[in-house]
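Student: Protein sequences, first through last, are from chains A and B. Each residue of the first sequence is one higher than the one before, counting from 213 in our numbering. Each residue of the second sequence is one higher than the one before, counting from 31 in our numbering.
Among the hints, a few may not be true.
Reference listing, derived: stretches of chain A covered by chain B, where coverage requires no fewer than 3 residues with Cβ under 8 Å from a Cβ of chain B [said to hold, decoys possible]: (1) 236-242; (2) 334-341; (3) 405-416; (4) 439-452; (5) 462-472; (6) 612-621.
These are calculated hints, taken from the structure and not from any lab test. Source: prediction; values computed, not measured. Ideal placement from N, C-alpha and C gives every residue a C-beta, glycine not left out.
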Amino acid sequence: MAFEGLADRLQHVMNKIRGKGKVTEADVKEMMREVRLALLEADVNFKVVKDFVKRVSERAVGQEVMKSLTPGQQVIKVVKEELTALMGGEQSKIAVSNRPPTVVMMVGLQGAGKTTTTGKLANLLRKKYNRKPLLVAADIYRPAAIKQLETLGKQLNMPVFSLGDQVSPVEIAKQALEKAKEEHYDYVLIDTAGRLHIDEALMDELKQIKEVTKPDEIFLVVDAMTGQDAVNVAQSFNEQLGLTGVILTKLDGDTRGGAALSIKAVTNTPIKFVGMGEKLDALEPFHPERMASRILGMGDVLTLIEKAQAAVDEEKAKELEQKMRTMSFTLDDFLEQLGQVRKMGPLDELLKMLPGANKIKGLNNIQIDEKQIGRVEAIIRSMTKEEKMNPEIINASRKKRIAKGSGTSVQEVNRLLKQFEEMKKMMKMMTTMTKGKKRGFRFPFM
Amino acid sequence: MSFFKKLKEKITKQADTVTEKFKRGLEKTRNSFSEKVNDLIARYRKVDEEFFEELEEILISADVGVATVMELIDELKMEVKRRNIQDPQQMYSVISEKLVDIYRGGDEQPTALNIQPNGLTVILFVGVNGVGKTTTIGKLAYKLKNEGKTVMLAAGDTFRAGAIEQLEVWGERVGVEVIKQSAGSDPAAVMYDAIQAAKARNIDVLLCDTAGRLQNKVNLMKELEKVKRVIEREIPGAPHEVLLVLDATTGQNAMSQAKTFKEVTNVTGIVLTKLDGTAKGGIVLAIRNELNIPVKLVGLGEKMDDLEEFNPEQYVYGLFASFVEREESM
């Protein structure tokens with residue numbers, strides 16, 4: 213990856229200030245510079261960045277960061293909170309008109325993915341809301357655009373309204389609406405041609421379609437990879453048409469997608485859906501907090517922490533911490549921990565949420581074997597109480613018995629015992645490291 | 031003589047129509063960019079930290095790329111220190127010199143397409159979804175045909191709905207043959223067919239379309255690798271050009287696109303499309319600077335003849351036109 217995430221950047225600054233004992237205003241300023249760069253690298257518009265950094269700075273210079281023991285973390289937290297707030301709550305709802313059909317207009321630049329998204333949206337409406345949509349092919353300019361929508365309609369087994377490419381899009385929209393009324397469609401999705409926001413003639417055409425069809429929703433379809441210009445585009449479309457929502461496409465790429473933030477900040481139009489793949493079911497609701505993490509180049513740590521908090525019993529965690537300090541951590545405790553981690557969800561999902569995990573090559577391909585964990589549990593459960601408390605006593609014949617009892621092999625039992633030994637060693641190292649500091653570790657397994 | 035005067039003289043010798051088109055296409059880019067710089071210089075009495083910060087923002091707003099901008103600003107600061115510049119007016123020449131330096135990099139690279147004087151030339155088009163690959167192929171086919179070449183198109187985008195039909199419409203418009211198979215077939219097989227057909231019919235240039243793919247999709251990139259391998263196997267030395275089509279509205283991700291596509295297909299040039307919008311496509315500066323891939327063609331509109339060979343001088347002139355005029359009046 214060409215970019216460092218915000219976490220790495222701040223880490224770098226923190227390393228410099230470490231040992232100073234106190235975070236000064238100048239230090240915060242330096243951290244803010246990194247925040248600014250991270251946002252700019254994510255294609256957030258520079259004006260939006262400026263305002264944003266100003267707002268965050270005020271909070272950061274305040275008590276909550278300066279007094280904190282981990283100012284770097286604190287800054288990230290503040291930045292993320294502000295970002296999430298800025299992007300608004302979840303708004304993946306789509307309007308329903310009291311007088312059907314509900315009309316939805318899809319607009320945007322060329323190549324943003326309007327036609328594909330129209331197909332995806334129709335699919336979503338039918339699947340999730342059980343609605344009956346009519347697709348309208350109003351892109352008469354791009355060669356084979358109508359054919360593209362027709363093919364999508366065929367794949368979805370849905371009707372597509374088209375009058376060929378010799379009739380004006382306004383007329384097509386008008387007739388489509390009449391047909392939809394007659395045949396009782398719930399939704400009319402109008403796929404318009406891609407156009408530049410500065411092309412007056414074509415923008416007028418959109419205004420006319422709007423005039424004729426009185427749409428309940430006008431969605432701007434935006435490529436997530438768009439750079440600084442996203443603001444100009446969105447602003448212009450919004451001024452001329454009055455957008456009701458934004459759909460961000462191609463988010464399955466490796467772009468940070470800062471355009472999302474710029475658009476929201478400038479037009480105050482909610483982002484409703486995101487396109488996450490080429491298949492027709494790859495349209496998902498927009499999650500502001502995930503987008504915030506992505507823009508900052510950090511994993512979904514907050515979700516991870518939330519999950520951990522939900523799954524881990526506070527009391528037990530404290531007990532465990534105590535045990536680790538006194539080195540009385542047993543295989544039983546290990547079993548307990550495994551159970552808690554598993555409660556948080558499938559492991560490969562959890563891994564993806566870890567910051568920096570996207571940078572580790574090949575991690576995407578790692579298949580974590582949930583069965584493996586099951587086997588570990590079986591092995592420990594096949595031990596006697598004494599063995600669990602005191603694994604040193606496990607000799608060859610005990611191993612044989614355990615293997616038999618758990619349906620595994622002696623080698624697997626050996627491996628587990630060895631891993632446990634190493635884990636204990638690590639814990640010993642970590643406890644000596646953190647000795648004297650207030651901050652223990654709550655969550656040794658991770 | 032200043033660099034820009036030289037530049038202008040060089041351009042006036044070139045066809046006016048082309049220069050006009052560049053100017054028109056880049057109107058938005060140029061205006062916003064140079065106006066901002068003018069405004070900046072007019073507002074400041076002293077070259078100070080704030081001045082640089084604003085300059086930084088102007089460059090970033092053109093999508094030049096954060097790393098490149100930072101580098102540039104650092105160099106500018108050093109230059110200012112070295113020459114002890116305090117008056118913002120003096121910054122004109124310093125800024126333009128540095129920008130042009132970055133743009134041109136070390137060596138001058140040919141921006142003309144590598145068309146073989148004899149035999150078949152194969153040009154492969156690659157890029158992410160929706161950048162304008164098929165449209166660019168249509169426009170280039172028209173351009174080459176007008177230059178007296180025989181052209182054939184290979185419908186290698188077998189994935190996207192309507193892609194084959196889109197290329198066929200272009201084939202009809204321009205009057206060239208399109209080699210295709212049914213949707214969903216192996217694109218490498220389409221290429222094989224197309225090359226055999228092009229050889230048999232003594233075609234000069236074969237333009238190969240491929241499906242748009244995001245660069246982080248490993249399997250799709252492998253498919254592209256295979257397409258290229260088939261072309262290589264059938265004609266030694268081919269593909270003679272691998273053109274990465276980039277949307278000028280794309281931001282920092284364009285760098286990632288260029289990097290990955292270069293790794294997989296050894297991209298030889300860039301086609302910068304949709305430059306007639308308000309986007310600046312400034313990321314090509316960074317791509318040129320970091321990856322040394324030159325821009326070869328630019329799309330400046332929606333019409334069949336709105337594709338031009340990239341001319342660095344014209345592009346720079348388009349960007350800095352008001353600089354030139356200013357230098358002259360001084």
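Student: Each of the hints needs a verdict: does it hold here or not?
Tutor: Consistency of the hints with the structure:
Counting residues of the region 236-242 of chain A whose C-beta sits closer than 8 Å to any C-beta of chain B gives 0, which falls short of three, so the coverage hint is violated. By the rule of at least three residues with a Cβ nearer than 8 Å to a Cβ of chain B, the coverage given for the region 334-341 of chain A is violated, with 0 such residues. Beta-carbon proximity to chain B at under 8 Å applies to 3 residues in the region 405-416 of chain A; the threshold of 3 is reached and the given coverage holds. By the rule of at least three residues with a Cβ nearer than 8 Å to a Cβ of chain B, the coverage given for the region 439-452 of chain A holds, with 6 such residues.
Note: the region 462-472 of chain A has 8 residues with beta-carbon separation from chain B under 8 Å; the three-residue rule is met and the coverage holds. With 0 residues having a beta carbon nearer than 8 Å to a beta carbon of chain B, the region 612-621 of chain A misses the requirement of three or more and the stated coverage is violated.
Comparing the model with each numbered hint stated earlier shows that hints 1, 2, 6 do not hold.
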